[in-house]
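Got two chains here, separate frames each, mind docking them using the hints?
In order, the protein sequence lines correspond to chains X and Z. For the first sequence, the numbering used here assigns the number 31 to the initial residue and increments by one for each residue that follows. For the second sequence, the numbering used here assigns the number 271 to the initial residue and increments by one for each residue that follows.
Keep in mind that the hints were calculated from the coordinates and are not lab data. Misleading hints may appear alongside valid ones.
For lysine to any residue, the following SDA-like pairs were computed, each having C-alpha atoms within a straight-line distance of at most 25 Å [said to hold, decoys possible]: (1) 473/Z <-> 432/Z; (2) 306/Z <-> 243/X; (3) 314/X <-> 401/Z; (4) 314/X <-> 470/Z; (5) 314/X <-> 381/Z; (6) 306/Z <-> 51/X; (7) 306/Z <-> 168/X; (8) 314/X <-> 303/Z; (9) 442/Z <-> 263/X; (10) 381/Z <-> 319/X; (11) 314/X <-> 309/Z; (12) 218/X <-> 243/X; (13) 306/Z <-> 311/X; (14) 40/X <-> 77/X; (15) 381/Z <-> 243/X; (16) 306/Z <-> 308/X; (17) 284/X <-> 391/Z; (18) 381/Z <-> 309/X; (19) 284/X <-> 470/Z; (20) 306/Z <-> 319/X; (21) 284/X <-> 401/Z; (22) 442/Z <-> 281/X; (23) 306/Z <-> 307/X; (24) 442/Z <-> 61/X; (25) 442/Z <-> 257/X; (26) 381/Z <-> 312/X.
None of these values were measured; they are calculated from a predicted model.
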Amino acid sequence: MCGIVGLFLKDAALEPQLGDMLTDMLITMTDRGPDSAGIAIYSEEIEGCAKLTVQSNAPDEDFAELEKDLRKRVEGKVSLAVTDTHAVISLQAGQVSVAREVLADIRPNVRIMSHGTTLEIYKEVGLPKDVASRFDIRQMSGTHGIGHTRMATESAVTTMGAHPFNTGVDQCLVHNGSLSNHNSLRRKLRRLGVHIETENDTEVGAAYLTWKMQTGSTLGEALTSSLDDLDGFFTFVVGTKDGFGVVRDPIACKPAVMAETDQYVAFGSEYRALVNLPGIETAKVWEPEPATVYFWSHNAAPTAQEKAA
Amino acid sequence: MQTFDLEAQGLRELNSSLHAQASDTNQTHWEIVNPKGSHAIAVGLDAPIEVNVRGSTGYYCAGMNKQATVHVHGSVGPGTAENMMSGMVVVEGDASQYAGATGHGGTLVIKGNASSRCGISMKGIDIIVHGNIGHMSAFMAQSGNLVVCGDAGEALGDSLYEARLFVRGSVKSLGADCIEKEMRPEHIAILEELLERGGCDAKASEFKRYGSARKLYNFNIDNAY
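Isolated chain Z (complex conformation) (with noise of 0.2 Å):
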C-alpha cells in the first residue's frame, strides 16, 4: 500500500503518480492522508486502483474517473465525481452540489446527504445516496439512476430526458416535465440490484419511480428507458 501525505507531497505529484498507474500496475492501494479540504484530489484516474482519501475534501474530487475505486472518508466539496465515464466513488460523509454532474457511467455513493443539484445532466452514472437530496437535483438528467433513500428537494428532475429516478421519502417538488411513473417488476429488480451496490438497508419496494413525461423534447422510441 501506499501512503501520500498530500500536506507535504503536494497536489500535483499526488495526481500525476495516480495517473502513472498502468492498469496491470501492482501499487493497486493508496491512502492520502491529510486532505484537509483540498480541490480536485485524485482527478483523471484510469487505472483499477483504489484510493482512499482520509479526511473531507474541496471541490472536484474524483472528476473524470474511469476504473478507478476512490473512497472518501470523510465530506466532499462541490462537483464531486463529475464527468465520471466508469469505476466507483464512496463518499461516507455529505457531498456538496453538483455531486456526479454529467457523469457518463460508474457509481457514485453517497452515504450522507447530497445538495442541490445532484446528478444535474447525468447521462449514465447511478448516483446512490443514502440520504436527503437538495434542490433542483437530475436537473436535464439523460440516463442512468439516482437513488435517494431519504427525500428530494425542490424541482426533482426539471427538464428531463430519460434517467430514472428512485426516492423513498417525500419530494418537495416536481420539476417540469417530471412525474411520478409506475414502479414495474423491471424497475423493482434495478433497483434492488443499485441498493445491493450501494450498501442500503431499504428495500426497493417502499420507494416511488419519477421520470420525464416526455412533453418537452421529441422523444424517440429508441432513448426509451
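Pulled out of the complex, with its shape left as it was, chain X reads as follows (with noise of 0.2 Å):
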C-alpha cells in the first residue's frame, strides 16, 4: 500500500500551517502505511547558504560535538541544529561537497537525509503520528511540503527505506507502488557510478531521476522517460525547490487524488487525506490521469527544468 500526500501553497498566508495540514493530512494515512513515515519541507531561503539534513542513530554521541569538529575543516559559518534523530546542518552554499567529505570522515555513521538550499527531510521508522511529533512536523512553516507513510513489501522497514528520497539539491520522491525492474536497473546505476545505498525499490527510482538530470534531462524529461524505463506499479510525488510534480504509471492501480483552490494544490493517496484542508468542500477535485506528468511551481516564469514538465 503507502500512503502519500502533499501540499503546494499558492497563498502565502497558509505558510505557517503548512506543518500542520501536512501532518494531519500524514496521520489520516497511517493505515496505508504504519511502518514508517516522513516528511519533506521546503522552507525559507538564506541568502548564499546550503542545508543538509542529516540522521544518527546515537544522535547523542554523533551530534554532541559535531558543529566544532565540521568548523575545523569547513570554511564560513557552520551552524547545526538537533531533532531528536536528525539535525540541520547550515553552511555556506560553496561548501557542501567538503562538509560531505568531512562528514563521512569524522561520523561514518551520520546518514545524509537531503542537501539543498530550502529543503529538509525528517524520517524514521514508526506511526506517522510519532513521527511527526518527534521531529515537531506540526510547528514547521514552508511553502511546499510532501509526506509519506510506508507499508513496506519490497525491503527492509529502516530509516533509509522510508520515504522521501532525496534525488538532487532541493529534489526529492516519494513513492506509492513497487517497482519490479529494481535490481537489473541497479546494477546498470552502479555500473555507471550511481552511489545506490540501500535493496529499496524507490531508492534506485530516485537514483534513476537522479541520473537522469545529472545526464541532461529536465525533471520532466527524466519523469516521462520513467514511464519507459521502470516496470512496476507507481505513483510518484516529486519535489523541487519551486513546486511539486506527480506521475502515474499507464496502469494507474495506487490510488491519486488532487485538490486545487486559489490557495493551494493538494495530493492525496485517498480523498479522506484532503477532508480538513481549508475550501475543499468547493476546491477542484480529480484523479490525476495515468502517464500523465503533472507539475505544479511556484517560479511565475519557470526555470527550463521546469517547462518541460
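Laid out in C-alpha cells, this is it:
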C-alpha cells in the first residue's frame, strides 16, 4: 500500500500552517502505511546558505561535538540544529561537498537525508503520528511539502528505506507501488557510478531520476522517460525547490486524488487525506490521469527544468 | 427520515443500522452526513430503502447492494457498487477505478466521469456514465450494459464475453476481441430505456455499439446477447 500526501501553497498566508496541515494529512494515511513515515518540507531560503539534513541512530554521541568538529575543516559559518535523530547543518553554499567528505570521515555513521537550500527531510521508523511528533512537524512553516507513510513490501523497514528520498539538490521523491525491475536497474546504475545505498526499490527510482537529470534531462523529461524505463507500479510525487510534480504509471492501480483551490494544490492517496483542508467543499477535485506528468511551480517564469514538465 | 452523522456515530453503527432494516421497514429514508471520504459506506444493504450520502466517499461505497437506492451527492473512491446484485446507485460526481466491478444486477449511474476499469468483469449490471470512462473498462465483461455518453479510454472491452457497450464519443482503443457492432432497432430500444433510466440528455442514435468478436472464448449461442 503506502500513503502519499502533498501540499503546495499558492497563498503565502497559509505558510505558517503548512506543517500542521501536512501532519493531519499524514496521520490520516496511517492505515495505508504504519511502518515508517517521512516528510520533506521546503522552508525559507537564506541567501548564500545551503542545508544538509543528517540523521544518526546515536544522536547524543554523533551530534554533541559535530558543530565544533565541522568548523575545524569547513570554511565560513557552520551551525547545527538538532531535532531528535536528525540535525540540520547550515553552511555556506560552496562548502557542501567539503562538508560531505568531512562528515564521511569524522562521523561515518551519520547519514545524509537531504541537501539543498530550502529542503529538509525528516523520516523514521514508526507510526506517522509518532514520527511527526518526534520532529515537531506541526510547528514547521514552508511553501510546500510532501509526506509518505510506508507499508513495506520490497525491502526492510529501516530509516533508510523510509521515504522521501533525496534525488538531487532540493529534490525529493516519494513512491506508492513497487518496482519490479529494480535489481537490474540498480546493477546498471551502479556500473555507471551512481551511489545506491539500500536494496529498496524506490531508492533505485530516485537514483534513476537523479542520474537522468545529471546526464542532461530536465525533471519533466526524467519523469517522462521513467514511464518507459521503470517496470512495475508507481504513483510518484516529486518535490523541487519551486514546486511539485505527480506521475502515475500507465496501469494506474495505485490511487491518487488531487484538489486545487486559489490557496493550494493538494495531493492525497485518498480523498480522506484532503477532507479537512480549507475550502475543500468547493475545490476542484480530480484523479490524475495515467502516464501523464503534472507539475506546479511557484516560479512565475519557470526555469528550463520546469518547462519540460 | 433518519439522519446519521458518520463522523460522530461511526461506520460500524451506520452499516449495522442499515442492515437491520427489514423489507417492510418504515424507516425508508436515510441521510448520511459527514462521510469525509470514509470507506465502505452503506455496503451490503438488502432492503428497499433510500440512502443519501451528503459528500464524497472512499473505497467500496454501496458494495454488494441489494434492493436499496444509494445516492452519493459527491464523488466516490475505488470499487463503488462493486458486486451489486440489484437496486440503484447514483453518483453525482466522479467515480474512481473499478466502479461497478463484477456487478450481477441493478443500475449504477455516474453523472461525472468514471476512472479506469469501470465495469470490469460485470455480470449483468447496467452502468450508465454521463461523462468519460478510463482505460481497461469492461475488461472480461460477461453480461449487462455499459453506457458511456462521453469518451472511452484505452483497451475498451478487452477479452469481452457477452456484454453490450454503448459509447457516444470516441474510443481511444478497443481491447482484444472487442469490435464495433451493428446498432439494430432492438439495441436502440434497449439504449433508449437505459438513457432514460440514467437521466441522460442524449439520443440513442448518437451511440455506437461494441461487443465481443467471440474469437477468444468458446462461444455458445445460448449466451448470445
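> Against which earlier hints does the structure fall short, listed by number upward?
Replying inline: 2, 15, 19 and 24
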